[in-house]
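Top line first, the protein sequences correspond to chains R and U.
Just so we're aligned: 210 in our numbering is position 198 of the first sequence, and the numbers increase by one with no gaps anywhere.
Just so we're aligned: 772 in our numbering is position 307 of the second sequence, and the numbers increase by one with no gaps anywhere.
No wet-lab data here; the hints were simulated from the structure.
We treat Cβ as the ideally placed atom computed from N, Cα and C, and that holds for glycine.
Incorrect hints may appear among the rest.
Just the calculated beta-carbon pair ranges, DEER-fashion [as the list claims (entries may be wrong)]: (1) U:Met595 to R:Ala428: 52 to 60 Å; (2) U:Val720 to R:Ser287: 57 to 65 Å; (3) U:His688 to R:Val157: 51 to 59 Å; (4) R:Thr112 to U:His688: 45 to 53 Å; (5) R:Ala428 to U:Phe603: 55 to 63 Å; (6) R:Ala501 to U:His688: 29 to 37 Å; (7) U:Pro525 to R:Lys355: 52 to 60 Å; (8) R:Thr112 to U:Val527: 32 to 40 Å; (9) R:Ala501 to U:Phe537: 33 to 41 Å; (10) U:Trp528 to R:Ala377: 55 to 63 Å; (11) R:Phe32 to U:Met595: 24 to 32 Å; (12) R:Gln465 to U:Leu478: 53 to 61 Å; (13) U:Ala467 to R:Thr112: 48 to 56 Å; (14) R:Ala494 to U:Phe603: 41 to 49 Å.
One side of the interface only, derived from the structure: several residues of chain R facing chain U at Cβ under 10 Å [to be verified]: (15) Glu23; (16) Asn24; (17) His131; (18) Ala133; (19) Asn135; (20) His164.
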Amino acid sequence: MTPSVPMLKVENLQVGGDGFLVVDKVSFTIGQGESFGIAGESGSGKSTLLLSLMGMMRPGLRNLGGSVRLNGSPMLGQSDAALASVRGSKIALIPQNPATALNPSRRIGTQIAEALLLHSALNPRARAMRVLDLLSMVRLPEPTVAARRFPHELSGGQLQRAAIAMALAGAPEVLLLDEPTTGLDVTTQAALLDLLIDLRHRSKVGMVCVSHDLGVLARLCDRIGVMYAGAIIEEGPLASVLARPGHPYTQALVASIPRLTSVGPPAPIQGSPPSLFDLPSGCRFAPRCALVQDACLGQPPDLTSAADNHKIACLRAFTAPAPVVNASVAALEKATSVLAVEKLSVGFAKHGIFDRKTPSSVVDAVSFTVAKGEVLGLVGESGSGKSTILRAIAGLAAPTAGQITLMSSGRTEILAARATARPLSQLRSVQLIFQNPDASLNPRHRVLELLAQPLILYGQVPRSQLREKAADLLDQVRLGPATLDRMPAQLSGGERQRVAIARAFAARPDLILCDEITTALDVSVQAAVLELIRNLARKHDVGAIFVSHDLAVVRSIADRIAVLHNGTIVEINDAQELCARPVSPYAQRLIGSVLDIPA
Amino acid sequence: MATVLLERIGLALITMIIIVVVVFFALELMPGDACSVNLGRGASDSMLAACQKRLGLDQPAVWRFAAWAGDFLTGDLGISMQRDRPIAEVVGWRLRNTLILAGLTAAIGIPLALGLGVLAGLNPDGPLDMTISGIAIFAMTVPEFISGTLMILLFSVILGWAAGVVTIGYKAPALDLLKASVLPAATLIFILAAHILRMVRASVIEVMQSDFVQMARLKGVPHRRIILHHVLPNALLPAISIIGLTMAWLLGGVVIVESVFNFPGLGRLAVDAVADQDLPLVQAIALLFGFIYVLTNLGADLLALTLNPRLRTRRK
Numbered sequence: 013m014t015p016s017v018p019m020l021k022v023e024n025l026q027v028g029g030d031g032f033l034v035v036d037k038v039s040f041t042i043g044q045g046e047s048f049g050i051a052g053e054s055g056s057g058k059s060t061l062l063l064s065l066m067g068m069m070r071p072g073l074r075n076l077g078g079s080v081r082l083n084g085s086p087m088l089g090q091s092d093a094a095l096a097s098v099r100g101s102k103i104a105l106i107p108q109n110p111a112t113a114l115n116p117s118r119r120i121g122t123q124i125a126e127a128l129l130l131h132s133a134l135n136p137r138a139r140a141m142r143v144l145d146l147l148s149m150v151r152l153p154e155p156t157v158a159a160r161r162f163p164h165e166l167s168g169g170q171l172q173r174a175a176i177a178m179a180l181a182g183a184p185e186v187l188l189l190d191e192p193t194t195g196l197d198v199t200t201q202a203a204l205l206d207l208l209i210d211l212r213h214r215s216k217v218g219m220v221c222v223s224h225d226l227g228v229l230a231r232l233c234d235r236i237g238v239m240y241a242g243a244i245i246e247e248g249p250l251a252s253v254l255a256r257p258g259h260p261y262t263q264a265l266v267a268s269i270p271r272l273t274s275v276g277p278p279a280p281i282q283g284s285p286p287s288l289f290d291l292p293s294g295c296r297f298a299p300r301c302a303l304v305q306d307a308c309l310g311q312p313p314d315l316t317s318a319a320d321n322h323k324i325a326c327l328r329a330f331t332a333p334a335p336v337v338n339a340s341v342a343a344l345e346k347a348t349s350v351l352a353v354e355k356l357s358v359g360f361a362k363h364g365i366f367d368r369k370t371p372s373s374v375v376d377a378v379s380f381t382v383a384k385g386e387v388l389g390l391v392g393e394s395g396s397g398k399s400t401i402l403r404a405i406a407g408l409a410a411p412t413a414g415q416i417t418l419m420s421s422g423r424t425e426i427l428a429a430r431a432t433a434r435p436l437s438q439l440r441s442v443q444l445i446f447q448n449p450d451a452s453l454n455p456r457h458r459v460l461e462l463l464a465q466p467l468i469l470y471g472q473v474p475r476s477q478l479r480e481k482a483a484d485l486l487d488q489v490r491l492g493p494a495t496l497d498r499m500p501a502q503l504s505g506g507e508r509q510r511v512a513i514a515r516a517f518a519a520r521p522d523l524i525l526c527d528e529i530t531t532a533l534d535v536s537v538q539a540a541v542l543e544l545i546r547n548l549a550r551k552h553d554v555g556a557i558f559v560s561h562d563l564a565v566v567r568s569i570a571d572r573i574a575v576l577h578n579g580t581i582v583e584i585n586d587a588q589e590l591c592a593r594p595v596s597p598y599a600q601r602l603i604g605s606v607l608d609i610p611a
Numbered sequence: 466m467a468t469v470l471l472e473r474i475g476l477a478l479i480t481m482i483i484i485v486v487v488v489f490f491a492l493e494l495m496p497g498d499a500c501s502v503n504l505g506r507g508a509s510d511s512m513l514a515a516c517q518k519r520l521g522l523d524q525p526a527v528w529r530f531a532a533w534a535g536d537f538l539t540g541d542l543g544i545s546m547q548r549d550r551p552i553a554e555v556v557g558w559r560l561r562n563t564l565i566l567a568g569l570t571a572a573i574g575i576p577l578a579l580g581l582g583v584l585a586g587l588n589p590d591g592p593l594d595m596t597i598s599g600i601a602i603f604a605m606t607v608p609e610f611i612s613g614t615l616m617i618l619l620f621s622v623i624l625g626w627a628a629g630v631v632t633i634g635y636k637a638p639a640l641d642l643l644k645a646s647v648l649p650a651a652t653l654i655f656i657l658a659a660h661i662l663r664m665v666r667a668s669v670i671e672v673m674q675s676d677f678v679q680m681a682r683l684k685g686v687p688h689r690r691i692i693l694h695h696v697l698p699n700a701l702l703p704a705i706s707i708i709g710l711t712m713a714w715l716l717g718g719v720v721i722v723e724s725v726f727n728f729p730g731l732g733r734l735a736v737d738a739v740a741d742q743d744l745p746l747v748q749a750i751a752l753l754f755g756f757i758y759v760l761t762n763l764g765a766d767l768l769a770l771t772l773n774p775r776l777r778t779r780r781k
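Could you put the whole structure together from the sequences, leaning on the hints where they help?
Next comes the structure, spelled out in structure tokens:
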């Protein structure tokens with residue numbers, strides 16, 4: 013990369029509130045056509061950092077030091093009115109969630125035209141033409157139609173394209189991307205990243221991209237910084253940081269990513285990030301670091317050059333050994349099946365008094381089995397019917413054809429179509445873990461009460477032993493007994509999902525159904541949850557079906573994988589075999605779109 | 466869009482048919498009929514029978530329902546027993562009076578409520594918001610007959626600006642009634658504005674914190690334009706349904722306020738008809754209230770449909 017005049021210059025930026033810091037002494041520069049990636053887990057301060065680059069502070073936060081300069085002029089401490097001419101025209105943001113960042117009651121075209129109205133001298137006719145240009149530039153099919161659409165009428169991928177078009181309308185010199193592909197299917201994600209890469213090369217915009225997904229950053233950026241508890245702890249050229257991560261946290265982060273080429277669940281990072289109100293006095297990663305020494309506990313280490321622009325804030329940089337990846341997978345014993353699904357079809361009738369059409373099939377004649385202790389992965393894009401299959405097995409969606417047989421403790425029985433028609437024993441046998449623990453745990457119950465319900469209902473555990481049993485369950489999901497008296501809101505996302513898992517296992521099920529259970533979690537937490545599910549399934553000889561849109565995640569946990577497309581299984585095979593040698597064209601495409609970071 | 470529209474209108478029709486059936490048979494369940502009520506306790510069996518034959522009350526209920534509903538559809542509401550006049554005429558005048566009062570209330574109250582709600586919502590917890598919200602909560606909690614009486618005390622007895630009670634008859638010219646409506650309308654505005662402005666305030670605060678308003682700010686949209694183009698269109702949408710409900714409340718005869726001010730509207734008529742045991746009139750008024758309720762809500766629904774794009778498309 014040829015050195016160029018910095019367009020965006022961040023120096024020792026500190027953002028925080030009373031008694032806490034969210035962003036601490038962050039410095040970097042972006043020149044023309046350069047792209048800087050910031051990796052970090054949620055709560056690491058990366059979104060706050062991105063907003064402060066545009067001179068915006070979230071309520072309760074303020075600039076505590078340092079500066080942000082765009083082409084030499086300051087961005088901090090300015091009023092919204094003063095920044096209005098710069099925002100959108102010199103520096104623009106592509107939001108994390110375009111579904112909420114676009115105004116729901118205005119047409120896509122109008123919202124893009126608004127940016128043109130504010131930041132260009134075009135007349136209304138020329139604006140309308142330019143909107144269509146922009147929409148076709150981001151490869152939205154039928155731009156004239158798309159411009160007339162309202163946000164809710166577009167899919168997630170289309171909305172993200174529209175948001176990109178809106179950001180480009182003011183012809184910005186610096187583009188900020190906040191988790192630009194979160195929540196998108198892998199194929200959509202790959203197409204969007206291609207678009208952004210193309211853009212970068214054509215229009216020479218500078219980019220700052222924030223993501224928890226190192227795979228995304230690896231595609232998009234030439235330099236990356238790793239953020240932990242508000243500070244950048246490692247920074248350097250992409251290839252150098254990923255190939256030779258120097259900071260123990262970066263090493264752990266790289267190791268916690270599920271990869272197609274590795275076997276077994278990725279290694280989780282133990283512990284959790286420090287509270288912003290109670291930062292350790294020394295290195296912030298020290299409490300979780302395996303290599304901690306006395307010297308680490310004094311002052312937070314500064315970023316020091318290790319090699320070729322590669323800077324690391326660790327006293328033990330490059331001395332730490334490479335992370336150990338759990339590579340041992342015990343060969344599955346020839347286990348008997350716990351579940352057999354035969355020719356299952358599920359359709360939904362449209363509701364409404366005046367239009368009752370023939371039900372459309374969402375799942376079409378799907379058959380598979382799950383063995384005891386086996387994890388079967390179901391992968392597919394949204395709308396492929398993977399969640400519907402789970403719902404049918406759980407009795408939440410009635411099949412239109414086919415049967416589901418459960419084989420447990422010597423009995424073989426066909427499951428009733430509706431959960432309400434199932435006897436208690438069948439209800440106990442099949443437990444569902446939902447995608448979002450915020451929604452699946454009653455926010456007004458303490459963890460003890462949450463766990464007590466299945467214990468009483470299915471296990472007939474006497475009141476006197478409830479606490480002890482519940483603590484046992486928590487121990488299995490690696491939560492301490494103190495958690496029993498917490499409310500869900502007092503727990504982190506990962507802890508809540510562990511509670512949800514403990515609740516599922518409280519029923520002593522034969523089969524657990526996991527519906528995208530790690531989607532809402534950070535990679536390091538995700539890795540821990542994956543490992544947990546796998547170990548619990550083995551230990552209790554429980555069959556598990558693990559649904560995800562993310563093939564790499566499924567690959568890391570599943571023994572076998574079934575690939576779903578448009579409601580049918582297009583391929584089902586041993587996980588390793590399927591990823592190495594996919595047979596069906598769709599599975600090949602799916603595997604081709606996974607962003608594997610260079611090893 | 467067309468199917469959604471037809472569905473809403475169809476549902477409204479079905480609701481109105483159910484109202485017709487329920488109103489008729491509910492009165493049918495009451496002991497006695499129009500004849501026994503009208504002739505009083507001293508009536509002999511032969512007098513009753515003659516009266517019932519004259520009015521067709523000896524026919525089976527289902528048959529009478531068909532005849533009554535048929536008359537109703539052709540605009541014949543029947544004869545008021547106590548007043549000895551066509552119901553259509555009695556109700557018609559009162560409906561006009563209620564429309565005048567409701568119209569005056571809505572014309573001033575709704576814009577006032579929207580404006581105050583937006584002002585309060587844009588400066589939450591500021592002195593302006595505290596004042597507006599405080600008065601609104603007072604207005605919502607004090608019963609209508611007390612706020613009405615306080616209005617009379619203040620504007621009529623102390624200040625002497627307007628007459629305390631309406632003394633003109635129900636057939637008075639519209640302009641006179643409009644003048645007479647000022648105090649009752651002020652009372653109604655006091656209550657109605659409170660409900661709507663609390664709702665608008667909450668919704669403005671919510672929209673101000675939304676991602677798309679932050680996004681607009683990051684797009685470089687000036688503050689005034691953010692309010693006008695991004696905040697208001699979204700914040701006022703939830704107000705439509707509550708405005709629909711308040712309109713239904715206003716048109717459905719505001720019984721207590723009309724009684725306090727002696728205003729000759731539908732609400733007073735309803736109370737009088739019940740007191741007089743004028744069954745055909747009660748029936749007609751109950752129907753009218755039901756229809757007004759359904760139609761104003763349908764109106765609010767259709768308005769929300771045209772203004773809120775999210776409601777127009779069905780979920781796939």
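For each hint, the structure was consulted:
1. U:Met595 to R:Ala428: 52 to 60 Å: Check passed, 58 Å falls within 52 to 60 Å.
2. U:Val720 to R:Ser287: 57 to 65 Å: 59 Å, holds
3. U:His688 to R:Val157: 51 to 59 Å: 33 Å, violated
4. R:Thr112 to U:His688: 45 to 53 Å: Once the Cβ atoms are compared, 21 Å apart, the range 45 to 53 Å for histidine 688 of chain U and threonine 112 of chain R is violated.
5. R:Ala428 to U:Phe603: 55 to 63 Å: Distance hint for alanine 428 of chain R, phenylalanine 603 of chain U holds at roughly 57 Å.
6. R:Ala501 to U:His688: 29 to 37 Å: 34 Å, holds
7. U:Pro525 to R:Lys355: 52 to 60 Å: Holds, at about 56 Å.
8. R:Thr112 to U:Val527: 32 to 40 Å: Between threonine 112 of chain R and valine 527 of chain U, where Cβ atoms are some 56 Å apart, the hint is violated.
9. R:Ala501 to U:Phe537: 33 to 41 Å: 57 Å, violated
10. U:Trp528 to R:Ala377: 55 to 63 Å: 56 Å, holds
11. R:Phe32 to U:Met595: 24 to 32 Å: At roughly 30 Å between Cβ atoms, methionine 595 of chain U and phenylalanine 32 of chain R fall inside 24 to 32 Å, so the hint holds.
12. R:Gln465 to U:Leu478: 53 to 61 Å: 46 Å, violated
13. U:Ala467 to R:Thr112: 48 to 56 Å: 30 Å, violated
14. R:Ala494 to U:Phe603: 41 to 49 Å: 47 Å, holds
15. Glu23: With a minimum Cβ separation of about 22 Å from chain U (threshold 10 Å), the hint on glutamate 23 of chain R is violated.
16. Asn24: 23 Å, violated
17. His131: 6 Å, holds
18. Ala133: 15 Å, violated
19. Asn135: For asparagine 135 of chain R, the interface hint is violated, since the closest Cβ of chain U sits about 19 Å away, which is over 10 Å.
20. His164: 5 Å, holds
Going down the numbered hints, you'll see the structure goes against 3, 4, 8, 9, 12, 13, 15, 16, 18, 19, while the others check out.
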